[in-house]
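Chain A is fixed; fit chain B onto it per the hints.
So the sequences go chain by chain: A and B. So the first sequence is numbered by UniProt numbering: it starts at 1 and just counts up by one. So the second sequence is numbered by UniProt numbering: it starts at 1 and just counts up by one.
Hints in this document: simulated from the structure, not taken from any laboratory. One should not assume that every hint holds.
Put simply, identical chains are the same to the list, so a pair is met inside one copy or across any two.
Stated by the list, open to error - Derived pair list, reagent style PhoX-like, types lysine-lysine, alpha-carbon separation capped at 25 Å:
no. : residue 1 : residue 2
1   : Lys86     : Lys311
2   : Lys23     : Lys254
3   : Lys311    : Lys298
4   : Lys354    : Lys51
5   : Lys298    : Lys69
6   : Lys32     : Lys323
7   : Lys323    : Lys203
8   : Lys286    : Lys219
9   : Lys354    : Lys218
10  : Lys228    : Lys23
11  : Lys311    : Lys32
12  : Lys86     : Lys307
2 protein chains.
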Amino acid sequence: MENILEEKGLVYNNGMAWEVFSKHLDQQGNTKVFVIIDENTQKHCLPYFHKNYPSENGFETITISAGEKFKNIETCLNVWNTLSEKGADRNSLIINLGGGVVTDLGGFVASTFKRGLQFINIPTSLLAMVDASVGGKNGVDLGHIKNQIGVINLPEMVILDTKFLETLPQAHIISGLAEMLKHGLIHDKAYWERIKTADFSNKIEFEKLIWDSVEIKKKIVTKDPLEKNLRKTLNYGHTLGHAIESYFLENDNKPTLLHGEAVAIGIVLATHISEESLGFPKETLKDVTQTILHHFPKQTFTQNDIKEVIKLLVFDKKNRNGKVLFVLLEDIGLYKSDCVVNNTLIYSAFEYYKNF
Amino acid sequence: MENILEEKGLVYNNGMAWEVFSKHLDQQGNTKVFVIIDENTQKHCLPYFHKNYPSENGFETITISAGEKFKNIETCLNVWNTLSEKGADRNSLIINLGGGVVTDLGGFVASTFKRGLQFINIPTSLLAMVDASVGGKNGVDLGHIKNQIGVINLPEMVILDTKFLETLPQAHIISGLAEMLKHGLIHDKAYWERIKTADFSNKIEFEKLIWDSVEIKKKIVTKDPLEKNLRKTLNYGHTLGHAIESYFLENDNKPTLLHGEAVAIGIVLATHISEESLGFPKETLKDVTQTILHHFPKQTFTQNDIKEVIKLLVFDKKNRNGKVLFVLLEDIGLYKSDCVVNNTLIYSAFEYYKNF
Chain A
1 MENILEEKGL
11 VYNNGMAWEV
21 FSKHLDQQGN
31 TKVFVIIDEN
41 TQKHCLPYFH
51 KNYPSENGFE
61 TITISAGEKF
71 KNIETCLNVW
81 NTLSEKGADR
91 NSLIINLGGG
101 VVTDLGGFVA
111 STFKRGLQFI
121 NIPTSLLAMV
131 DASVGGKNGV
141 DLGHIKNQIG
151 VINLPEMVIL
161 DTKFLETLPQ
171 AHIISGLAEM
181 LKHGLIHDKA
191 YWERIKTADF
201 SNKIEFEKLI
211 WDSVEIKKKI
221 VTKDPLEKNL
231 RKTLNYGHTL
241 GHAIESYFLE
251 NDNKPTLLHG
261 EAVAIGIVLA
271 THISEESLGF
281 PKETLKDVTQ
291 TILHHFPKQT
301 FTQNDIKEVI
311 KLLVFDKKNR
321 NGKVLFVLLE
331 DIGLYKSDCV
341 VNNTLIYSAF
351 EYYKNF
Chain B
1 MENILEEKGL
11 VYNNGMAWEV
21 FSKHLDQQGN
31 TKVFVIIDEN
41 TQKHCLPYFH
51 KNYPSENGFE
61 TITISAGEKF
71 KNIETCLNVW
81 NTLSEKGADR
91 NSLIINLGGG
101 VVTDLGGFVA
111 STFKRGLQFI
121 NIPTSLLAMV
131 DASVGGKNGV
141 DLGHIKNQIG
151 VINLPEMVIL
161 DTKFLETLPQ
171 AHIISGLAEM
181 LKHGLIHDKA
191 YWERIKTADF
201 SNKIEFEKLI
211 WDSVEIKKKI
221 VTKDPLEKNL
231 RKTLNYGHTL
241 GHAIESYFLE
251 NDNKPTLLHG
261 EAVAIGIVLA
271 THISEESLGF
281 PKETLKDVTQ
291 TILHHFPKQT
301 FTQNDIKEVI
311 KLLVFDKKNR
321 NGKVLFVLLE
331 DIGLYKSDCV
341 VNNTLIYSAF
351 EYYKNF
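Pulled out of the complex, with its shape left as it was, chain A reads as follows:
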């Protein structure tokens, strides 16, 4: 299992990606090609995809509704039924063209239809490029619980083309940024220093940061594909981040947060908890908080909100024996996984976030 990622292709050389992609498809000779898109990528990304893959044999598109709330088993059922009706067989290929919802759901649908079809991810959002694209995690939500159902199964290939980012709303770019900041914090001080001061309007600098972010994630998941230990660090900020995202999603009084917006808050909270319980440097905590709040709008939490968020922590996939387990940091790049965190520390972190 160690070299599972190396068996599959990750193509992120912008200039060559589509050439490699076309050659791969010609060689594979899949019986049918299905492209899963959502309403947004149908409009903004499909034409560009088609220009770069003017297939003679053609492909069929399957469109799902856009947004996290459709990342569920019902949508899977629709796609499975469509594949069935359109005669997909075991040698068909699924191409997931979209953000994290499309690649997560499409990867799960492909991995389970007739016990597994090949699939290729073409992430079109920054979040999907730097996070969902690499590592083979796929799946859907169960009610409001994120990613409860899924498998780990690698795509045949991931195509990264930053051209897709040009059609992305600014809030979604920022959302992806949260994962890039996280990659710096958990693994690479130099990267953190670069990204926190980066000029994102400089296209070349921004692209370089994206590739490096993917490299960090790839390095981590290659070392620990099944999340025995190191890979848990990728969950930094996600324990509370996921719970906040779920809570805001199910509450009509709250705005729906993008994944990265919720994770950004989770990163501040986890870093404050790290400071209180593992001695994470105070100055760096301040630095992290300032950087996050520079990019992400502050959200308000009542005491009741916090109580409800804490309740949702019981669904975290890292939990063991009913205990909520956090990944925390002693310093940038120095992680400690499976940390038990009491509620006082969580309330205190929210207090810090509120008053900063």
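Chain B in isolation, oriented as in the chain A frame:
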């Protein structure tokens, strides 16, 4: 991937199985143990299971409705939700105690909950013992299409205890027999000769036949876990068998066939097609047909029934490029996979079955 089966345990030594099972659970120290059962195994098998596994830590049971028509995503959703509510985490263990529906569905639920929990199969029907138990195929039906959704993922352990068969209705014993007859036909002439003349009331002889049947299946799936070629032979009789089973299931005018009853018909049809197109010996065809009809009641098919069954063949998982592909035999143990079969041959096979 070649030795994937060898990494996991198959325990079928009757006398030792429960001891090995208990030791395994003690060593693993899973946080929680969930036993998936259906209404039948709750009544007939759970007490015996509990007697053999008097766990101090206890376990929780999750009961699903019995029968193939509940082997679907809706039932999975119920079980996933129950696991969520009862606080299953990644270190929980699922034990599937039941026939093929329970082991197929339970294996899929376990493989996909939080991206995969460990599971153990304890097949309680003959069919599940000689077929579903080995090889890691799991999944559920999509509408009336059998096993369209699933993954290949091995249980940690399979416990075979023929004591469970004592509570099984005779029709279900016979249903399992179809797969055992198939194992002889596709792989082992000597086994075929033994099983066709066996005295099933002789408990020792019967048990020996079961173990040998499992050994044949294990040998095949170990050589070809991902069904590139050899494993396809296990599908002998299933191409038409599955279609007949689906057709009878969705038709109120037809009796619901047990899996083995449908496969038994499929075996006769496939063997007739083998005789017509690959020169399978006429005498052996007669022998096969007599053996099957000795055990399984004959079903009637109108021309329209046959037409509808043929329509359902397009959903067969072995199909490629819209072509229905059969596994056929030149003789016992001599298979040919990916055979294109035209409808005339299928009608002719039904005619033969009818007139025999």
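Cross-check of the supplied hints:
1. Lys86 / Lys311: Only across copies: Lys86 and Lys311 sit 14 Å apart there, 43 Å inside one copy, limit 25 Å.
2. Lys23 / Lys254: Classified as neither; 47 Å inside a copy, 50 Å across copies.
3. Lys311 / Lys298: within (22 Å within a copy, 58 Å between copies)
4. Lys354 / Lys51: neither (48 Å within a copy, 56 Å between copies)
5. Lys298 / Lys69: Classified as within; 23 Å inside a copy, 50 Å across copies.
6. Lys32 / Lys323: Between copies, since 13 Å is at most 25 Å while 46 Å is not.
7. Lys323 / Lys203: neither (44 Å within a copy, 49 Å between copies)
8. Lys286 / Lys219: neither (28 Å within a copy, 61 Å between copies)
9. Lys354 / Lys218: Neither, since 34 Å and 60 Å both go past 25 Å.
10. Lys228 / Lys23: between (36 Å within a copy, 23 Å between copies)
11. Lys311 / Lys32: between (45 Å within a copy, 20 Å between copies)
12. Lys86 / Lys307: Between copies only: 20 Å across chains, 47 Å inside a chain, cut-off 25 Å.
Violated hints, in rising order: 2, 4, 7, 8, 9; the structure is consistent with all others.
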